[in-house]
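Participant: Next come the chains, spelled out residue by residue.
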Amino acid sequence: MTTLLLKERLKKIFVGGPAAPERPAASPRGPIVSSRSVRATESGTSYSRHSHGLEQFFSHIQSDQNLWILDLAGASQANVGFITSLGHRLYSVDFLRTLDTTFDATGDDPLAGQFDARRIGRFLDENLDFEDRFFDGAMVWDCLEFLAPPLLKETIDRLHRITKPGANLLAFFHAEEKAVSIPSYNYRIGDAGTLLLTPRGPRRAAQHFNNRAIEKMFHQFRSVKFFLARDHLREVIITR
Amino acid sequence: MWKRREEDHSQRQATPPTSAELAREGIPMSTIAARNTEPEGARGGALIGKSVVMKGQVYSREDLYIDGEVEGTVELQEHRLTIGPNGKVQAGIKAREVVVIGTVHGNIEAADKIDIRKDAKLVGDIRTSRIVIEDGAYFKGSIDISRTEVSKPAAPAPKPQGAAVTTGTPQQQTLATGSANPKP
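So the sequences go chain by chain: A and B. Residue numbering for the first sequence follows my numbering, starting at 1 and increasing by one per position. Residue numbering for the second sequence follows my numbering, starting at 1 and increasing by one per position.
The hints are simulated quantities; they were obtained by calculation from the structure and are not laboratory data. Even for Gly, the Cβ is constructed at its ideal location relative to N, Cα and C. Keep in mind that the hints are not guaranteed to be accurate.
What the hints assert, rightly or not - Under the rule of at most 25 Å between Cα atoms (straight-line distance), these lysine to any residue pairs were calculated in the SDA-like manner:
1) A/LYS164 <-> B/SER146
2) B/LYS121 <-> A/ARG200
3) B/LYS121 <-> A/PRO199
4) B/LYS121 <-> B/GLU78
5) B/LYS121 <-> A/THR84
6) B/LYS121 <-> A/TRP68
7) B/LYS118 <-> B/GLY136
8) A/LYS216 <-> A/HIS60
9) A/LYS153 <-> B/GLY141
10) A/LYS164 <-> A/ARG222
11) B/LYS94 <-> B/ASP115
12) B/LYS118 <-> A/VAL140
13) A/LYS164 <-> B/ASP144
As the list claims (entries may be wrong) - Between beta-carbon pairs, the in silico distance windows are:
14) A/PRO202 <-> B/VAL123: 22 to 30 Å
15) A/ASN66 <-> B/PRO85: 33 to 41 Å
16) A/HIS219 <-> B/GLN57: 48 to 56 Å
17) A/PHE226 <-> B/GLY72: 48 to 56 Å
18) B/LYS55 <-> A/ARG230: 52 to 60 Å
Construct the entire structure; sequences and hints are all you get.
Facilitator: Structure representation (structure tokens):
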């Protein structure tokens, strides 16, 4: 009898198998963030969600054409297609990839090289060497979180120099403080208000920022506006 | 009798030699193998092989596949350029269509399309009508999509109804009939 019961239980466990992954519900306006889609990040799968920061960023550039937009996430079909469909021109750099190669992130301390003034100068000249006031907008994503203080300061100074007055920067900062490593993503634009996030694996954060620290960091810009997303990301629009 | 022998000889030439026959004749197998593994993109066009290094200006009036090293300029009028997986091009490129599988350092102008494949590395500015970028490709540079507007056929001129009275300046008349060269 007990053997029969045991067999039944085992059958239930193995025949039933693991629950099939459910897709996040999509609204008529497009995919929305759900607790399930947020959980998907932990398992390493892509997910899409609404982005107020992205919406705000595009509301500033949609009315014009032939603007120059800087994208630090690296070239992707989605971002290139979307920006160019609006009639804009795009400059694309995979900032984190070049950061790793320039500063040799394979060592014990991946941030060690980011304190070397000569390497910082070379890195910025190779990646952000543009005329003053060249760009009408910049999508910085989460790149700034992984920069040690000297490199961060120089990068923000450079971004200030190469963007036009009134230009917007879209930057993301992780909201979880005291986390040693934070998830990094590939950011792909779905539409003017939807982002597709594909995990790139965890990275060591160089610094942690609260809202006050972010405001202080962009002190030379005109304004800083925060949007808190449900996946522990603060989306920030910084106006030059 | 002699005739039959000649026929046998011609039949033998038509059939491909076996590996045993080639080994007997001392022909290295790699030569045949290289011919068979010719890259798909190179079929029907010119090929710069992976052991070739070129410096200077390359012009082509047919499709070109570069799997070697080229430095200078590459210009293909109305044709397709493919940079193969071993290709390393340090040049300004002008073509109808460009497919990058290897490495390119230089600006690309493609009238029709640029296709950047998964393992490609491209550093330079792009100007084209259409672009395809596979995930995993490395690209650094600017992208300018030139929209080629399809020229609409001019509206048929209205039939004259009695005595035509022209009003307005000649410039106004041109605008009314749809100018083929609108001002930016």
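Participant: Given the hinted pair A/LYS216 and A/HIS60, is their alpha-carbon gap at most 25 Å?
Facilitator: holds, 24 Å
Participant: Are the Cα atoms of A/LYS164 and A/ARG222 separated by 25 Å or less?
Facilitator: holds, 12 Å
Participant: For the pair we were handed, B/LYS121 and A/ARG200, check the Cα-Cα distance against 25 Å.
Facilitator: holds, 19 Å
Participant: Given the hinted pair B/LYS118 and A/VAL140, is their Cα-Cα distance within 25 Å?
Facilitator: holds, 23 Å
Participant: I want to verify a distance hint. Is the separation of the beta carbons of A/PHE226 and B/GLY72 within 48 to 56 Å?
Facilitator: holds, 51 Å
Participant: Holds or violated: B/LYS121 and A/TRP68, Cα atoms, limit 25 Å.
Facilitator: holds, 23 Å
Participant: Within a Cα-Cα threshold of 25 Å, do B/LYS118 and B/GLY136 meet the stated pairing?
Facilitator: holds, 5 Å
Participant: For the pair we were handed, B/LYS121 and A/PRO199, check the Cα-Cα distance against 25 Å.
Facilitator: Measuring from Cα to Cα gives roughly 22 Å; hence the hint holds.
Participant: Holds or violated: 33 to 41 Å for the Cβ distance of A/ASN66 and B/PRO85?
Facilitator: At roughly 36 Å between Cβ atoms, B/PRO85 and A/ASN66 fall inside 33 to 41 Å, so the hint holds.
Participant: For the pair we were handed, A/LYS164 and B/SER146, check the Cα-Cα distance against 25 Å.
Facilitator: holds, 24 Å
Participant: Quick one, are A/LYS153 and B/GLY141 close enough, alpha carbons at most 25 Å?
Facilitator: holds, 24 Å
Participant: Check the hint pairing B/LYS121 with B/GLU78 against an upper bound of 25 Å on the C-alpha distance.
Facilitator: holds, 24 Å
Consistency note: the structure conflicts with none of the earlier hints.
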